[in-house]
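Engineer: Here the structure of chain A is known, so what remains is to put chains B and C in place on it, guided by the hints.
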Amino acid sequence: MTTSFQQKAGFWRATAAAVFALTAAIAPISAHAGEDLDAIVARGVIKAGVGTQPGFFAPDSNGVWKGFFVDFGRALAVTVFNDPNKIEFTSSSPQQRLPALQAGEFDILLSGVTQTISRSFQLGFHFGPTVFYDGQGLLVRKDVGVTTGAELDGATIGVQSGTTGELNIADFFRKNGKTFTPVTIEDTNEFLAALESGRVDAITQDASDLGIKQTQLKNPEEYILLPERLSKEPLAPAIRHGDDRWLEIVNWTVWATIEAEELGITQANVDDFLTSEDPLIQRFLGTNTALGQAIGLDPKFAYNIVKAVGNYGEIFERNVGKDSVFKWERGYNSLWTDGGLLYAPAWR
Amino acid sequence: MTAITEPGRHRPGFLHVLRHWLGPRPTAQFALLFAAIGLFWWFGANTLETMARAGINPGFDFLNRSANFEIGETMIPYSSADPYSRAILVGLLNTIKVAILGCVLATVLGVSLGVARLSGNLLLSGLVRWYIEIIRNTPLLLQLFFWSALTKALPAPRQAISVGDNAFLSNRGIFVPGIIVDNASTAGWIALLVLTILAIATFVGLTRTANLTFWRGTGVIAALVIATALAFALTGATARFEIPALGGFNIRGGYNLSPEFAALLIGLTVKFSAAIAEIVRAGIQSVDRGQWEAARALGLHNGQIMRLIVLPQALRVITPLITTSYLDLTKDSSLAVAIGYPDLVNVINTTANTTGQALEALAILIGVYLALNLSVSAMMNQYNRRVALRGTVQR
Amino acid sequence: MTVPAVNLPPPKPQDWRHWRQGLFGTPLNTFITLATLAFLAWVVPPFVRWAILDATWIGTADDCKAATGACWAFVTAKFNFILYSFYPPALHWRPMIAVVLLLGLLVFTAQPRFWRKETLLLWIAVPVISWLLLAGTVIGPTVPSNQWGGLPITLLVAIVCFSLAIPLAMLLALARQSSMGGIRTMSVVYIEVMRGTPMVAILYIAMLILPMMLPGGQLIDKIGRAMILITLFWSAYVAEVIRAGLQAIPAGQYEAARALGLGYWRIMRLVILPQALRLVIPAMVNLAIGFLLATSLLAVIGVFDLLNAAKTAAVDPNWLGFYDESYLVAATIYFVICIIGSRYSLWLERYLRQPR
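Chains as they are written, first to last, in numbering that gives the first Met the number 0: chain A, 0 to 347; chain B, 0 to 394; chain C, 0 to 355.
Looking at chain A on its own, in the form it has when it is part of the complex (with noise of 0.2 angstroms):
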């Protein structure tokens, strides 16, 4: 039915007035999109993704998140806001992670993101340092009866969606000539579920998560991490392109928690250090020059890291290593004075 009235003019001016109206009410959220940080600032909270990982990131009983990663986003907190509770973790999947960070959900990756070259030229992300030094392992059902990961030609294994590991894994075969099924599966739980009732013969992921994953399984021990890795697996923190004072403010936040081990500094006696008369000491916890405050932190900002998160091999040693239920040795993630790769800046 097509039928003319003179009204319907005054309903489209008022339309077309309606749109042009939204457009210039909107508009001006331009202005101050974009710079990251003042974003936070404004926000009063970093908005942080993580996993779900008992030891790298994990809500307890009480809904407070822990963990290797999580301490690192408290010491985040501490450093704009001198507070490590003004930091939000959001649980997300590796398939879900890399856009919602692009997307500007978070303001951070703590997923244990591998810093790769595409992640960072095509994907627009920068990343702080590497605060753990991972290989792609396989763990595979022992009744499956191999000891390498070449033998695994024509077997069935399970990928996490949305992972290096996901890519590793074809080119693992791709280079030996062999061939595999994979099954991606996006919940961590459900990865597990697969390995358990045989719907894949193996599981691949970072070696670390990996070890966690076996101690969660109902029998570890008809289970073997192969011991060889795949590839090299430096989990950083990943921020988007963008905010230059940001990725500063995570590149340090790191670094003082290294040079706070290299320092001999730990959240027990770093009281002790502030009548320190070394001047790098004194310069690392803000008591004689401003280091920070050039970019708007607080002086002490390194002193309060470690005050509430502690120092790194604290983070490490209660969240994963001995002081854990996983009990893992440094290995690489030792400083580079006990032979390991980290290695802090100079503070100057």
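Simulated from the structure, these hints should not be mistaken for laboratory data.
A hint or two may mislead.
A few chain A residues that face chain C, going by a derived Cβ cut-off under 7 angstroms, partial list only [claimed, not checked]:
#1 T51
#2 T89
#3 Q95
#4 P98
#5 A102
#6 D186
#7 G295
Since this is a predicted model, take the numbers as computed values, not measurements.
We put the beta carbon where it would ideally sit given N, CA and C, even for glycine.
Structural biologist: This is chains B and C only, laid out in the frame that chain A set:
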């Protein structure tokens, strides 16, 4: 012979047609159109700016880059060295596969249920009614999760439930015996395609001239099978019959339906069979009861009445509604992403994730679904014209 | 013109005879009855054994794993989680009130005697109050939206998006019927593109593209973004239903109203739309039921709606693998709401057909 110009209405000029189409208030319309374009322009500009800030280069170059991820099930050869475009094609084919099978199975089950619902038997129709109510009033995604959990709960390959040692049910999938073709060349596949089209054309021809009988139909199918076998043999392909058996890590041989595919197919079939059953029931009930009585008076028996009198009329009601169901099924096959079947959405998702080209990837996704939808509805419209009463459907 | 047949109700047979006829009337019927009974005998006992006889009613996950039947202890332990997801347990009274308010709104509106303009105010007030309750804006502490979940989210998204989609859909439907080609084309393109796109893709746009498209788009949280796009998406479907209503209004109505000297908007507002909407109310209720079920797709973008909460409950490491029980609970909730809705729709259809 002299050309006779038909006297009659003067054909209106293009401008006149345009003006008539545009109707009143052309300026306001253009203003609104430009406002809409402007709004999208603004969205686009913002998006480009955001992408530039994040250091992402807009464009479709990524399609030619190596995808670097494996896909669990593929209908065409695919390896992680292939480009993203091929990965997306693999996903699309998987979507089409499940959509076509889903439509066919849902129709078969739905029609049976619809007829069962109308059977005079109170117990059966009551049972079917409950089935339909439960299926229709719970979310499809929930049903998919349920089927997915069910397939995962099947035993591991070594403890697989075997059906007469020929077929196996395990949490790696359903394994059935099948004919495996080796060394099939492209020519062979093209021959198969052409022959299938020929066979369908023959069927259509026979139906239209009312010459289709059981034996002729069987003859056409037999001819198709023989011709295909010959075509494959001529192009150097070999076929063998394989029975699945436990070997290595897995059950090998025959055809394998992965648990994810099986869960998706069962879920879509069950969900849409309920919708189709209701459509069929409504269609059959739309035919006046008097027609049954009149036909009985002519001495036709129930089967004949159904086939010759009721169904042709019911189809007029059923076809447009069932088209909507097919379109919905195709769209809802996108829920595959939630249960891990590598359909188009799943591959697009991984692509967006690894390349960061979310905008482009989603544009491809929406474009493909629109094209799929439009082609299904075009085909069904064509069919609808054929079953509709002459003169009721405008061209 | 045919004379419509007088539809007399069939003579009601005596009950037992009706049943005997329906079950054993003919040999074929008897066979079908027996076959159906055999099928039931095959299906029902194992289910009863699983659901009742072998079930674990109270206990821990280990008790359940030892038993072969259903684990209802899981439901007892996880019921609040399925209903409210990650909402802080101490504050569960807030989402509970929100659910009561939202369901109350539906029940209230379902009664034709409350179909007045004032009810529209409730449709604004109740969702806003529910939102404020969940957020804790007025009565602290505030709860960020990433902790909302379960049934309140399912209801809130369904109700808010559907009610916002209706006015939009009216404009789209009128535009599609307009005599102005440009307007008509824009409306058709919008409606067909929306209807040709899967909802999953729409949700991905909400999650990935919307924040890039709007400056400051990341300031809107994920649920808010999803709701914006779901509203736009549903409006296309609602528009098609309203269009069917518009097409059913005879042309004489337009002409008569015009003859009275009414303008387009007054004709639409006073004459056409009230009749058209009244015609499509039952269809709208059915559409709303479909939409309520469709909100479960929010799980795909990681919003913890009722279904996702149920799924997450079953992957809790302490209670891993009780999918069937968890899904059964969620399915029951959806089923109860929707079956009431569809029965209501049938009743409404009869009610509206009554002459008055």
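Engineer: Look at each hint and say if it fits the structure.
Structural biologist: Tested hints:
1. T51: violated, 10 angstroms
2. T89: With Cβ-Cβ at 5 angstroms, under 7 angstroms, it holds.
3. Q95: holds, 5 angstroms
4. P98: holds, 5 angstroms
5. A102: With a minimum Cβ separation of about 4 angstroms from chain C (threshold 7 angstroms), the hint on A:A102 holds.
6. D186: For A:D186, the interface hint holds, since the closest Cβ of chain C sits about 6 angstroms away, which is under 7 angstroms.
7. G295: Constraint on A:G295 not satisfied, violated at 22 angstroms.
Of the numbered hints given earlier, the model fails hints 1 and 7; all others are met.
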